[in-house]
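The chain contents come next:
There are 2 protein chains.
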Amino acid sequence: MNANALSPRGIVLFAHGARDARWAEPFERLAAKLRALSGSGTQVSLAYLELMTPDLAGAVAAQVAAGCTSITVVPVFFGQGGHVRRDLPLAIDACRAAHPHVDIRGTVPVGEDDAVLDALAAYCLRQLS
Amino acid sequence: MNANALSPRGIVLFAHGARDARWAEPFERLAAKLRALSGSGTQVSLAYLELMTPDLAGAVAAQVAAGCTSITVVPVFFGQGGHVRRDLPLAIDACRAAHPHVDIRGTVPVGEDDAVLDALAAYCLRQLS
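These protein sequence lines are chains A and B, in that order. Residue numbering for the first sequence follows the working numbering, beginning at 1 and increasing consecutively. Residue numbering for the second sequence follows the working numbering, beginning at 1001 and increasing consecutively.
If you are wondering where the hints come from, they were derived from the structure by calculation, not from laboratory data. Bear in mind the structure is a predicted one, so any value in this text is a computation, not a measurement. Take the hints with a grain of salt, since some may be wrong.
[Stated by the list, open to error] Reference listing, derived: stretches of chain B covered by chain A, where coverage requires no fewer than 3 residues with Cβ under 8 Å from a Cβ of chain A:
(1) 1007 to 1014
(2) 1037 to 1049
(3) 1066 to 1077
(4) 1095 to 1104
(5) 1116 to 1127
Glycine included, each C-beta is placed from N, C-alpha and C at the ideal position.
Produce the complete structure using the sequences and hints provided.
Given below as structure tokens:
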């Protein structure tokens, strides 16, 4: 690691997880797109609530070990149920307690974004034609 | 109902469901966008795998009752786990058996679509700036 480099920033894509390994494929494609777009100064990781690894604590610890001092956690969920409203804030609080010198913040879930909903609507429309 | 009108087509947005009623908000926004885009000849409905109503059978029966002879079921899921690979095909088969004169087909989930993933990646990038 180049000690003179600016600290990398981290982004963690937080998803639900599933028993079937193939479930993670779209998230892996999303992470690859994000790596291509965000450049070498950004660490992009996946983390899962359950059934897959790493969990949020593991993904954040790895980004901290890589030198990140600022980490953004994006919930890749459509709706805001208990996982986003209750489980994720608790997990983020635990990460902050473990890494008090690191700025860790969560965003609203992707499903709240109007441009994301527009892309979903466009996909649905294409299925009708 | 105007017997001379063309049969409406149906689209059912199939989502997981959750205990928290607020969870459904993005799906309701998506349905509203789709209604605005697709016009009066298209019936747009939501259906849920569990914890919310209607289920797929109920949503399809309502569209058939409204005169739809062609129904497209879009899984609003990111990943393809057991719900999409196993539960949904069974539910679609049951709908076909209940309505043998109706063309009912399922599409690949929204999370497989490259433009949807691009919109997700763009959202994630905006969270970093």
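Structure-based check of each hint:
no. : hint         : in the structure
1   : 1007 to 1014 : holds (count 3)
2   : 1037 to 1049 : holds (count 3)
3   : 1066 to 1077 : holds (count 3)
4   : 1095 to 1104 : violated (count 0)
5   : 1116 to 1127 : holds (count 11)
Checked against the numbered hints given earlier, the structure breaks only hint 4 and satisfies all the rest.
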